[in-house]
Each structure stands twice: as C-alpha cells, then as structure tokens.
Amino acid sequence: MHAQSSDIDHLTDEQVLGLCYAVPSEAWDKEESPTGMLPHITSGIVAKSMLIPVDGMPSEALILNLVHEATNIPVPQVRRVVTSHFKAVILMDYIPGARLSDVWHELSLFRKIRVAMTLRSYILQLRSIRHPRALIPGPMASGNRAMTCWSPRIFGTMIESRGPFASYDDLSSFFNTRQTMSLGASSELENFDDSSHLVLVHHDLNMRNIILGDDGQIWLIDWGWSGFYPPWWEYVSMKKQAEKNWAFMVLFIPFICDPFFRQDMWLKRMRRC
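Numbering (my numbering), first residue to last: 1 to 273.
You may find that some hints are simply not true.
Pairs of lysine-lysine, DSS-like flavour, derived with a Cα cap of 27 Å [what the hints assert, rightly or not]:
| no. | residue 1 | residue 2 |
| --- | --- | --- |
| 1 | K87 | K268 |
| 2 | K87 | K112 |
| 3 | K112 | K240 |
| 4 | K87 | K239 |
If you anchor each label on the Cβ, the simulated ranges turn out as follows [said to hold, decoys possible]:
| no. | residue 1 | residue 2 | range |
| --- | --- | --- | --- |
| 5 | T12 | A166 | 33 to 43 Å |
| 6 | D7 | I159 | 33 to 43 Å |
| 7 | D170 | G216 | 35 to 45 Å |
If you're looking for bench data, these hints aren't it; they were derived computationally from the structure.
Built from N, CA and C at the ideal position, the CB exists for glycine as well.
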C-alpha cells in the first residue's frame, strides 16, 4: 500500500526541523492556508503540527500507525514525529489525488455508490479493531491515561471538548446527567446508548478528508479527532457535516455507518434543551 522509503529517511531530525521552519507560518493552519491542505516540506511529505502530548506521541500518529497495521484502509504513512518548542510535528506521506468534495458532483451515480460501498468497508474494518485503549473513551495515548475528547459534532460548538473520561461508564454518566439537567428526571427518558462496545471512529469523515487517489484507491486523511467512541458517533458526525455541505451524500450515510436514527434524535433533543 505504501512506498518502502520516503525522501526524508536520510535526514536527521534537525534537518527535518529545518525544512519545517522554512514553511510560512500561515501554511500550518489549514483554515488560513490558500490550499486548505497541510504544508509540504518535500514533494512527497506533508507535516502537521500540534502541542506535544504528555507522553510525547500524538494520538493521530498512534492511530495512523494502528490503522496502517490492523486494516487495509489506505491512510498516510507516518514517517517520523519530531518535537521542538512545545510542538510535535507529524511527518507523513502526501497522497496525490482529488478531494471527494471537489469531484463529488462530477461522479456518476454508479461511482458514488462504489465510493459509499468502499467507505462502509472501511468503517467495518475500524470497528473490528481490538485494542486495550478501546476500554477508555477518547483519543489514543500510551498506557491507561484518559485523554480529553474533542467532538464539536457531539458536544456542540460552544464547548467542543469534554472529559477526560476514565471509562465508558463515565462517558455515559456524563450524558445521562446532562439529559437530566436539561429535561428533568423521568422514567420515560432513554439513557445514552452504550449498548455497543467502544470502537475506533474517524470522527471527521467529511468529503474534504476523503481522497480519490491517483493510484485508484480511496484514502482517508486527517485523523486528528479520531479515537475510541460509541459506533453511532461516526454516523452523527458524518451526517451533521454532510447536511451542511453535501446534501446528496446524506442519503448514503445510513448505509456507510449503519442507520443510527434513534441515537441521532436522542442527541438532538438533549442539546436543544
């Protein structure tokens, strides 16, 4: 799936950091970048910067490595993680191709269905991963340390992060308590759906993060919000983004992620109050 070597393999960390320092500051922010993409430090390598986690290894790098090893999902290969001035930089392969958001309107119905079928297979592979961190909601980390959960699609845009939650029970209790605060106590109210075990969720599966590669494969990029969450969170997150920007894609999401209509309505009702 990936090249055996990269064009930074022969460089020292100091040389790699030198290439990073040469990148204009605005290019590090995808929202500010003219291309909306991560900056290149070489023709084949892009870089992503973030604050250094406590254990020194970003969750996104850990998850990319896990997905690369445990599934057949095409994802950028992490080539190195370097640190400097309280920042960690993930160096990963650049994936040549077109963002699905740019070409979706050009695809035939048959091709759109093929994309949906492929994405469903990816979701099923993610759910099949068994890992010790699947007992702790949120991003990956070394050991058993719980991490803050980032999810504006779930928690809302006012407070985009919550936690950390040491266990699935803690996550469920948080939402059930919020429901009681919003709607009052009632035996008729449904509780937070924790009937399925936590699974690996991409959590930002919008069309900008799906690449139709020049190699013919469908690639998933930008795993910054990924982690172990209830399986229905993928559905809610994907649907919320598609409703705003890609209405026709909404029709495929119940097939891609499974139809978690009831859980979606539960979350909407609780957040409206």
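Which of the numbered hints are not met once you compare them with the structure shown?
-> 1, 2, 4
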